[in-house]
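Participant: Letter by letter, the chains look like this.
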Amino acid sequence: EVQLVESGGGVVRPGGSLRLSCAASGFTFDDYALSWVRQAPGKGLEWVCGINWNGGGTRYADSVRGRFTISRDNAKKSLYLQMNSLRAEDTAFYHCARYYGDYPGDTERYFDYWGQGALVTVSS
Amino acid sequence: QSALTQPASVSGSPGQSITISCTGTSSDVGGYNYVSWYQQHPGKAPKVMIYDVSKRPSGVSNRFSGSKSGNTASLTISGLQAEDEADYYCSSYTSSSNVFGTGTKVTVL
Chain A
1 EVQLVESGGG VVRPGGSLRL SCAASGFTFD DYALSWVRQA PGKGLEWVCG INWNGGGTRY
61 ADSVRGRFTI SRDNAKKSLY LQMNSLRAED TAFYHCARYY GDYPGDTERY FDYWGQGALV
121 TVSS
Chain B
1001 QSALTQPASV SGSPGQSITI SCTGTSSDVG GYNYVSWYQQ HPGKAPKVMI YDVSKRPSGV
1061 SNRFSGSKSG NTASLTISGL QAEDEADYYC SSYTSSSNVF GTGTKVTVL
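Residue numbers (this note's numbering), protein chains in the order written: chain A, 1 to 124; chain B, 1001 to 1109.
Please note that a few of the clues may not be correct.
Unchecked claim - Within a straight-line C-alpha distance of at most 30 Å, the following computed DSS-like cross-link-like pairs (lysine-lysine) qualify:
{"hint": "1", "chain 1": "B", "residue 1": "Lys1068", "chain 2": "A", "residue 2": "Lys43"}
{"hint": "2", "chain 1": "B", "residue 1": "Lys1055", "chain 2": "B", "residue 2": "Lys1105"}
{"hint": "3", "chain 1": "B", "residue 1": "Lys1055", "chain 2": "B", "residue 2": "Lys1068"}
{"hint": "4", "chain 1": "B", "residue 1": "Lys1068", "chain 2": "A", "residue 2": "Lys76"}
As the list claims (entries may be wrong) - Examples of chain B residues toward chain A, derived with CB under 7 Å:
{"hint": "5", "residue": "Ala1045"}
{"hint": "6", "residue": "Phe1064"}
{"hint": "7", "residue": "Thr1102"}
Treat the hints as calculated values from the structure; they're not laboratory data.
Where is the CB? At the ideal position from N, CA and C, for every residue including glycine.
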């Protein structure tokens, strides 16, 4: 069974930093691209960033580029999101999501598995 | 990276059919056959219902169908059931990102 479990959420002051982790199980981790998708409480989904199967390619939403860094450790079957210079508008549940792929390097076109999310609250 | 446009709410009676639209541009919806649709119940993670415009993952009811014309994609739910009451989001691949729609709340009357 595919499982994605996020951790590392919490309360942080504006301008602060936080690192989220996503532990994966139930599939061959390094065959798949991964992503972070966030959802502010009561609001819609927003794609944040994505990383390809070997970590050699990353993409970011304009709203977080230069402040957030996505990375992965295939040996540990883990995905990470380093968030710096946090703002109140970054407050959200952050979901780890797996891109569907027929093979490593396949087009990152939709998400077939999601974690439950980790809540990040940016507040003074 | 502007969000795709969806109606805020759509409602229907049990057994009826409803359609949710998702409007983008030639850089997203219109440029690729990579539109997907997600169902989200309160407090739950999203679940993919349609991918690649009109394909259904294994286990998803054939009451759900998708289509696209130009820059607008659509999700149709036929034979509406109480369990279909949820939020629905479209999403599209782009050359630099993935983008979601604004979301539609489906209410079963």
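Participant: Hints first: check each against the structure and report whether it holds.
Facilitator: Now for the hints, and whether the structure bears them out:
1. Lys1068/B x Lys43/A: holds (25 Å)
2. Lys1055/B x Lys1105/B: holds (22 Å)
3. Lys1055/B x Lys1068/B: holds (12 Å)
4. Lys1068/B x Lys76/A: violated (40 Å)
5. Ala1045: Hint holds; Ala1045/B Cβ to chain A Cβ min 4 Å, cut 7 Å.
6. Phe1064: Where the cut-off is 7 Å and the nearest Cβ of chain A is about 14 Å from Phe1064/B, the hint is violated.
7. Thr1102: For Thr1102/B, the interface hint holds, since the closest Cβ of chain A sits about 6 Å away, which is under 7 Å.
Figure legend: structure checked against the earlier numbered hints; hints not met, in rising order: 4 and 6.
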